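These protein sequence lines are chains A and B, in that order. Here the first sequence stands for residues 143 to 346, numbered as in our numbering. Here the second sequence stands for residues 143 to 346, numbered as in our numbering.
Accuracy of the hints is not assured; some may be wrong.
Taking lysine-lysine and the DSS-like style, the derived pairs with C-alpha atoms no more than 25 angstroms apart in a straight line are [to be verified]:
| no. | chain 1 | residue 1 | chain 2 | residue 2 |
| --- | --- | --- | --- | --- |
| 1 | B | Lys167 | B | Lys178 |
| 2 | B | Lys264 | B | Lys303 |
| 3 | B | Lys203 | B | Lys303 |
| 4 | B | Lys303 | A | Lys167 |
| 5 | B | Lys264 | A | Lys196 |
| 6 | B | Lys196 | A | Lys178 |
| 7 | A | Lys203 | B | Lys178 |
| 8 | B | Lys303 | A | Lys178 |
| 9 | A | Lys178 | B | Lys203 |
| 10 | A | Lys196 | B | Lys167 |
With beta-carbon atoms standing in for the labels, derived distance ranges [to be verified]:
| no. | chain 1 | residue 1 | chain 2 | residue 2 | range |
| --- | --- | --- | --- | --- | --- |
| 11 | B | Asn279 | A | Glu145 | 25 to 35 angstroms |
| 12 | A | His199 | B | Glu278 | 56 to 66 angstroms |
| 13 | A | Asn156 | B | Asp259 | 27 to 37 angstroms |
| 14 | B | Gln223 | A | Thr175 | 24 to 34 angstroms |
| 15 | B | Ile339 | A | Glu331 | 55 to 65 angstroms |
| 16 | A | Ala182 | B | Val322 | 36 to 46 angstroms |
| 17 | B | Ser180 | A | Asp282 | 31 to 41 angstroms |
| 18 | A | Arg179 | B | Gln223 | 33 to 43 angstroms |
| 19 | B | Thr295 | A | Ala182 | 48 to 58 angstroms |
| 20 | B | Thr289 | A | Glu145 | 23 to 33 angstroms |
| 21 | B | Ser180 | A | Pro288 | 25 to 35 angstroms |
| 22 | B | Ser305 | A | Glu145 | 56 to 66 angstroms |
In case anyone wonders, no lab produced these hints; they're calculated from the structure. Since the structure is predicted, the reported quantities are computational estimates derived from the model, not experimental observations. The beta-carbon is built from N, C-alpha and C at its ideal position, and this holds for glycine as well.
Here is what each chain is made of, one letter per residue.
Number of protein chains: 2
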Amino acid sequence: MNEYPSILLGEAVNQFASLPGMGRKTALRHVLTLLKRSDAEVEHFATSLTRLKKEVHYCRKCHNLSDTDLCPICSSIHRNQQLICVVENIRDVMSIENTGQYNGLYHVLGGVISPMDGVGPKDLEIDSLIERIIPENIQDVILALPTTMEGDTTNFYIYRKMSQLTASCRVSQIARGVAVGNDIEYTDEITLGKSIINRTEYKA
Amino acid sequence: MNEYPSILLGEAVNQFASLPGMGRKTALRHVLTLLKRSDAEVEHFATSLTRLKKEVHYCRKCHNLSDTDLCPICSSIHRNQQLICVVENIRDVMSIENTGQYNGLYHVLGGVISPMDGVGPKDLEIDSLIERIIPENIQDVILALPTTMEGDTTNFYIYRKMSQLTASCRVSQIARGVAVGNDIEYTDEITLGKSIINRTEYKA
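Generate the whole structure from the sequences, applying the supplied hints.
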């Protein structure tokens, strides 16, 4: 006998188990949960995936996911249209939106430069970022890429491209330092060192 | 702006997040993984769910999941057809199959008697179990239900029904005792007490 009593069941479990970090036991549990639901509910689950894949757009300006050609952020009149925050992926957009501290536009690169993984500048939305600067009269670019070697490389690449293009647009990167709530003694040396170099003036 | 940049995305995340033990961040991660795959792959994922729901059978004898009217276990000539193992759900069937220690048939109850949850004997496949005993000439019934109050109640109910029906069919329950690899000192008192009462003869 096979691992599963039914080939259809095994197939559905395989599909779930193909998702990152999902084991076969958890996959089976999810499939059996769906099996207990009504036909309409399972149909709805399946349709929501195929519809998403077929109908979702990537915003033509910032490359964020969107239901329309231009995403709600890019088309909002309430946002600062001269400020772009550069992020790796759409999850980063959601995280920054959740802070409530940012009111500008975004630009989603779709990854970071990583020669080890064969990802070069041409595989990312870097050219399309540079092409936005002059026509949209962008005054400020904030680099919010991961604090890794790849993120740093991408930061540097974008910075160089920007400085070749114009001197009037400011380029900054998000602050690196000790996370809020963290103890000094448990912070790694590199972060702690950077947090001392990049210290900010104390304001009461 | 909403939590998600796209309504379609939010809908797909909602569907995943409705599965047990799946948080919204994990759900989003899964949806974005699917979004990176090809149309055909996402279609395949969705179809495997709807096909499973529409086409899967429950075996008419043991109520296990099956692609056919009679499951591979019930229709196998290599299995002991006079031995039934009673389990709560199809995952238990798979677990017991994986031990490689059992060669009889199964009967899946679909739950255990639980007045607190409004589950009575009529909601389970108990009558259909009793109806199998005489026609199939079953000699042995092994109760492999969970070692909970509800499992014990169900065990007792089936035992009583069986004893009203016939005296020729043996009813047993799986051994309860200290799990293999467990320390005595960390085993709870009830289990340890039962393991002493139900001690087995030492065989070298």
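Here's how the hints hold up against the structure:
1. B:Lys167 / B:Lys178: Given pair B:Lys167, B:Lys178 holds - Cα atoms ~17 angstroms apart, limit 25 angstroms.
2. B:Lys264 / B:Lys303: holds, 13 angstroms
3. B:Lys203 / B:Lys303: Within the cut-off at roughly 19 angstroms; holds.
4. B:Lys303 / A:Lys167: violated, 34 angstroms
5. B:Lys264 / A:Lys196: Between B:Lys264 and A:Lys196 the Cα gap is close to 45 angstroms, so the pair fails against 25 angstroms, i.e. violated.
6. B:Lys196 / A:Lys178: This hinted pair holds, its Cα atoms lying about 12 angstroms apart.
7. A:Lys203 / B:Lys178: holds, 20 angstroms
8. B:Lys303 / A:Lys178: violated, 28 angstroms
9. A:Lys178 / B:Lys203: holds, 20 angstroms
10. A:Lys196 / B:Lys167: holds, 22 angstroms
11. B:Asn279 / A:Glu145: 25 to 35 angstroms: holds, 30 angstroms
12. A:His199 / B:Glu278: 56 to 66 angstroms: holds, 59 angstroms
13. A:Asn156 / B:Asp259: 27 to 37 angstroms: Roughly 32 angstroms apart at Cβ, these two residues keep to the hinted range, so it holds.
14. B:Gln223 / A:Thr175: 24 to 34 angstroms: The hint (24 to 34 angstroms, Cβ to Cβ) holds, given that B:Gln223 and A:Thr175 are roughly 32 angstroms apart.
15. B:Ile339 / A:Glu331: 55 to 65 angstroms: holds, 60 angstroms
16. A:Ala182 / B:Val322: 36 to 46 angstroms: holds, 45 angstroms
17. B:Ser180 / A:Asp282: 31 to 41 angstroms: holds, 38 angstroms
18. A:Arg179 / B:Gln223: 33 to 43 angstroms: The hinted range 33 to 43 angstroms holds for A:Arg179 and B:Gln223, with Cβ atoms some 34 angstroms apart.
19. B:Thr295 / A:Ala182: 48 to 58 angstroms: violated, 34 angstroms
20. B:Thr289 / A:Glu145: 23 to 33 angstroms: holds, 25 angstroms
21. B:Ser180 / A:Pro288: 25 to 35 angstroms: Since B:Ser180 and A:Pro288 have Cβ atoms about 27 angstroms apart, the given range 25 to 35 angstroms holds.
22. B:Ser305 / A:Glu145: 56 to 66 angstroms: Cβ of B:Ser305 to Cβ of A:Glu145: about 36 angstroms, so the range 56 to 66 angstroms is violated.
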